[in-house]
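Visitor: Chains as they are written, first to last, in this note's numbering: chain B, 1 to 540; chain Z, 1 to 540.
These are computed hints drawn from the structure, not numbers from a lab.
A couple of the hints might just be wrong.
Note that identical chains are pooled: a pair holds if it fits in a single copy or bridges any two copies.
Unchecked claim - Subject to a maximum C-alpha distance of 20 Å in a straight line, what follows is the list of computed EDC-like cross-link-like pairs (lysine to aspartate or glutamate):
# : residue 1 : residue 2
1 : K320      : E459
2 : K306      : E433
3 : K248      : E537
4 : K320      : D379
5 : K538      : D73
6 : K497      : D431
7 : K306      : D431
8 : K306      : D399
9 : K306      : D367
Given the structure is predicted, the values throughout are model-derived calculations rather than measurements.
Protein chains: 2
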Amino acid sequence: MRLIVVGGVAAGMSAAARARRLDESAEIIVLERGPHVSFANCGLPYFVGGEIPNESDLLVQTPQSLQQSLNLDVRVNHEVTAVDTAAKVITVNGYSLKYDALVLAPGATAVRPPIPGLDLPHVHTLRSVGDAVEVASVAKQPGNAVILGAGFIGVEAAEALAFRGWNVSIVELAEHVLPPVEREIASIATRELERLGIHVIAGVGASEVSATQVLLTDGRQLDADLIILSAGVRPDTEIFADAGIETKNGAIVIDRHGRTSAPHVWAAGDAAVLHDMNRPVALAGPANRGGRYIADDIFTPELARKFPTPLGTAIVRIGKLTVAMTGANRAALAGRTYHTIHLHPTQHAGYFPGAQAMSLLVHYGVDGTVMGAQAAGTDGVDKRIDVLATAIRAGMTVDDLIDLDLSYAPPYGSAKDAINMAGMIGQNVLDGEIRLWYASDLPWAQENALIIDVRSEAEFASGHLPGALCVPHTQIRARLDQITAAADGRPIRLICKSGMRSYLAYRILAQQGIDVATFSGGMTTLADTLGPTLVVEKGM
Amino acid sequence: MRLIVVGGVAAGMSAAARARRLDESAEIIVLERGPHVSFANCGLPYFVGGEIPNESDLLVQTPQSLQQSLNLDVRVNHEVTAVDTAAKVITVNGYSLKYDALVLAPGATAVRPPIPGLDLPHVHTLRSVGDAVEVASVAKQPGNAVILGAGFIGVEAAEALAFRGWNVSIVELAEHVLPPVEREIASIATRELERLGIHVIAGVGASEVSATQVLLTDGRQLDADLIILSAGVRPDTEIFADAGIETKNGAIVIDRHGRTSAPHVWAAGDAAVLHDMNRPVALAGPANRGGRYIADDIFTPELARKFPTPLGTAIVRIGKLTVAMTGANRAALAGRTYHTIHLHPTQHAGYFPGAQAMSLLVHYGVDGTVMGAQAAGTDGVDKRIDVLATAIRAGMTVDDLIDLDLSYAPPYGSAKDAINMAGMIGQNVLDGEIRLWYASDLPWAQENALIIDVRSEAEFASGHLPGALCVPHTQIRARLDQITAAADGRPIRLICKSGMRSYLAYRILAQQGIDVATFSGGMTTLADTLGPTLVVEKGM
Chain B
1 MRLIVVGGVA
11 AGMSAAARAR
21 RLDESAEIIV
31 LERGPHVSFA
41 NCGLPYFVGG
51 EIPNESDLLV
61 QTPQSLQQSL
71 NLDVRVNHEV
81 TAVDTAAKVI
91 TVNGYSLKYD
101 ALVLAPGATA
111 VRPPIPGLDL
121 PHVHTLRSVG
131 DAVEVASVAK
141 QPGNAVILGA
151 GFIGVEAAEA
161 LAFRGWNVSI
171 VELAEHVLPP
181 VEREIASIAT
191 RELERLGIHV
201 IAGVGASEVS
211 ATQVLLTDGR
221 QLDADLIILS
231 AGVRPDTEIF
241 ADAGIETKNG
251 AIVIDRHGRT
261 SAPHVWAAGD
271 AAVLHDMNRP
281 VALAGPANRG
291 GRYIADDIFT
301 PELARKFPTP
311 LGTAIVRIGK
321 LTVAMTGANR
331 AALAGRTYHT
341 IHLHPTQHAG
351 YFPGAQAMSL
361 LVHYGVDGTV
371 MGAQAAGTDG
381 VDKRIDVLAT
391 AIRAGMTVDD
401 LIDLDLSYAP
411 PYGSAKDAIN
421 MAGMIGQNVL
431 DGEIRLWYAS
441 DLPWAQENAL
451 IIDVRSEAEF
461 ASGHLPGALC
471 VPHTQIRARL
481 DQITAAADGR
491 PIRLICKSGM
501 RSYLAYRILA
511 QQGIDVATFS
521 GGMTTLADTL
531 GPTLVVEKGM
Chain Z
1 MRLIVVGGVA
11 AGMSAAARAR
21 RLDESAEIIV
31 LERGPHVSFA
41 NCGLPYFVGG
51 EIPNESDLLV
61 QTPQSLQQSL
71 NLDVRVNHEV
81 TAVDTAAKVI
91 TVNGYSLKYD
101 ALVLAPGATA
111 VRPPIPGLDL
121 PHVHTLRSVG
131 DAVEVASVAK
141 QPGNAVILGA
151 GFIGVEAAEA
161 LAFRGWNVSI
171 VELAEHVLPP
181 VEREIASIAT
191 RELERLGIHV
201 IAGVGASEVS
211 ATQVLLTDGR
221 QLDADLIILS
231 AGVRPDTEIF
241 ADAGIETKNG
251 AIVIDRHGRT
261 SAPHVWAAGD
271 AAVLHDMNRP
281 VALAGPANRG
291 GRYIADDIFT
301 PELARKFPTP
311 LGTAIVRIGK
321 LTVAMTGANR
331 AALAGRTYHT
341 IHLHPTQHAG
351 YFPGAQAMSL
361 LVHYGVDGTV
371 MGAQAAGTDG
381 VDKRIDVLAT
391 AIRAGMTVDD
401 LIDLDLSYAP
411 PYGSAKDAIN
421 MAGMIGQNVL
431 DGEIRLWYAS
441 DLPWAQENAL
451 IIDVRSEAEF
461 ASGHLPGALC
471 VPHTQIRARL
481 DQITAAADGR
491 PIRLICKSGM
501 RSYLAYRILA
511 QQGIDVATFS
521 GGMTTLADTL
531 GPTLVVEKGM
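Chain B extracted, bound-state conformation (with noise of 0.2 Å):
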């Protein structure tokens, strides 16, 4: 039995090391184009940045290694051009290797827009350990670095190249950085990457490089010793759809075990879509994931699972700051009906030294099911979509959310803890005990209805929405015929900071039998929303 794995990175080297831990007397070789295996490719930024400081902590292991602890035959420096599945050979470096199996892990390149000078020399990407011990070569003297695309990639070297002293810009075409995640949550990770000293340039692409400067779509132009090019990346298949194997954009369409079209073939990792979806997940846990579940189809195929749906999980560090989100976001809801809900809690007992808030988003069914969640903050930003994730994962209600018993003492969580908040919130929301309003909905607001400022009369002095009418939240009873009067018939719409407030009040006004509704996260989501075209006016 010969198994030839191609690709000795994430997907690769767990299918590798499975076959060999379930097969002692197989012969497994492992083929990779680059001169290094089972690296830290996620650590590359932090190398360039100085955190990591040795290139040897990027080479998890080598070849050497590899042999010596599993038996597997890993071959660098080795590009496959050919397959021909019926007769099960590969072409390698010119020679040819008949195999049993086949394993497709080759992994994914950098998408390369059609942007004149991208080929100068100043221009790098940062896919390999080589791309990484050439950027950090450069980058200890500092001057002005741009970085076109800011996706987690994009924003991890900013943040690296901030570090080392560079001049920095981050330059997104899409509207705002970090593509994948909501509006409102972007904004805080674009705060921070400012108040690090970064120039964010969202909604602006670059239309051409010179060997000293970027030329932005918009006429503005960027100097630029260094260019990190991290625009996105793309199967690496071409060799494989020559050989018939079926692709779809790019990728080797895979069924539940990893099966391609061709028989004795499986893929996995980046170059790999599972059958039912559109592209690739191109993140390391799957790509580790679908590797032992291959060798498990090929060794014990009566005990192979099936590979789930990767749900996209993914979280990225800017200076003091951890956004992360897993499932769905708006872009893959786009069309189905959903609720999304906006909170505020601390990571931990508010009355507990050090307490900050995050921001919390969580989009679910009308059925309650729980299908993405988004958050930004200091601390306890991991934990939180972690659980959301396996939430995710089970198929769990907002309502299951509440039930949840998640560890508390003061200086790790609340006796109610940001997940059970979600799910409370998300509850009302079913029930029909709580109706929200949007950041979409405020000219419509500012228009059709009066909005009430539940805040105290200090915080609505520091600003406030235009024609917003103050009633701390401890007046509305006192204060109701007021109300009313000032509504004059109008919908009623209740702000505060962050929800909390002006769900109490919209408790009370709701049992009145007002039209009413409270902003979903307060004022802090709308000017995370609208950023800093929101109109506020001072005083009172």
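Following the hints, put chain Z in place on chain B, whose structure we already have.
Guide: Below, chain Z without anything else, positioned relative to chain B:
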């Protein structure tokens, strides 16, 4: 409609607040025996330690603030002395009040074991703001403190006084601190307590308390200027039992809607026990949820959700360490068949600065269902326990843990997160791809098996099991003949530092048809289980 709530902290105040939000017109009276409502009972040890600086920080709400925001009639220093469930009348501070609905949330009081001297003035409990203020005042002048009882509160109190410069002894009748936590996790807590300078005495009780000393059952005497009694709590329910409301082990019996045996009477919190459980779970999260669900059952019964079975998730900070648990422990699983796995994953990518191993154990059933988990470590423990608490609530199996898409970037986790790794090990056990042995098997193994330590020769020389043979895992294949000769027909039992390398060695030897097993959690877990009594040889 008049709702009377007895007890104004977690469950009671949650019920009252939710009730008001559901019904603006109800009359809601909260009767609290003590001088404070809705105070931060879990924050008391941190006030004693000085981390929470002001008494006012502990008072989350006041009767006035609750009147203003929720129109609640909160009466502190009001003690209910009788209940007539037939007439629907209670007696409080000598007067009578009729109710339409009654919610009992009287909480629990400190267990006072029959030890002479516990009524001396330097013996304190830590249950109320008044307790905490008194202890904090005494704590300003360091001296000798003895903590009686090393449960979660006792450990927090010990830490707090150690921070204040006290010479602290903590005495626990059970065989180790944090009795609900397994021995191999509790020993890590003990080490951290000792690192903080706290004197840990387990398996011993107090027999008498004098003005200056605590006499232990083993004859030892401890100097004590201050004694904290933290020997557990018991429900405070005598008058309700006298009123004919059904109790069990002193707790008010409730159904899954919080209903007691008496009509129109509900109960929740530390004083209530679900009819199909044996004792209350005295935790803030379930108490708050219970209060909410009771208000739902009173005002919107068609929407009311059933109380879930509490998982007993708990967490404690000790110095730099976090210890947490969720679900069933060995005691709760007694008589059932289940597996236990141990692992020592890092909280984030091993190559990222600051990576530190935690200790994680998972109990799961023979069908794979996750039943309980515990962990100790300096970082990331709360996240993993919360994910596992969610998985347990969802009824997930260990296989399902592999499929969780948890947030990964090098500062936060690993491509194969600790939870995924637990799933893989659990699955390997179920599928027969690994067979584990434990500390309890050590005497048998030392008698009947060849123990092979597969760590490096340098690690082996630093300390190993007597009689163990050192064969680094990378040499297993080459030295198979030597190993079989040394075994001479005996079974082989493998061990390494944490269980990873011995798993690789296991796969090689098992495929040779050898009777072999690998130690769950390696030398780390073995030492944590057996403690300082483990006899370890040094040198090759």
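Visitor: Would you mind marking each hint as holding or not holding in the structure?
Guide: Results for each hint:
With identical chains, the CA atoms of K320 and E459 are never at most 20 Å apart, being 26 Å at best within one copy and 38 Å at best between copies. Taking the closest pair of Cα atoms, K306 and E433 come within 20 Å of each other only across two copies (18 Å); inside a single copy the shortest separation is 40 Å, beyond that limit. For the identical chains of this complex, K248 and E537 are neighbours neither inside a copy (52 Å) nor across copies (60 Å), given an alpha-carbon limit of 20 Å. Both within a single protomer and between protomers do K320 and D379 lie at most 20 Å apart by alpha-carbon distance, with minima of 9 Å and 17 Å respectively.
For the homomeric pair K538 and D73, neither the shortest alpha-carbon distance inside one copy (70 Å) nor that between copies (36 Å) is at most 20 Å. For the identical chains of this complex, K497 and D431 are neighbours neither inside a copy (24 Å) nor across copies (53 Å), given an alpha-carbon limit of 20 Å. When the C-alpha separation of K306 and D431 is checked against a cutoff of 20 Å, the pair qualifies only between copies, where the shortest distance is 15 Å, while the shortest distance within a copy is 36 Å. For a Cα distance limit of 20 Å, the shortest separation of K306 from D399 across copies, 11 Å, qualifies, whereas the shortest one inside one copy, 28 Å, does not.
For the identical chains of this complex, K306 and D367 are inter-copy neighbours only, at 18 Å across copies versus 26 Å inside a copy, given an alpha-carbon limit of 20 Å.
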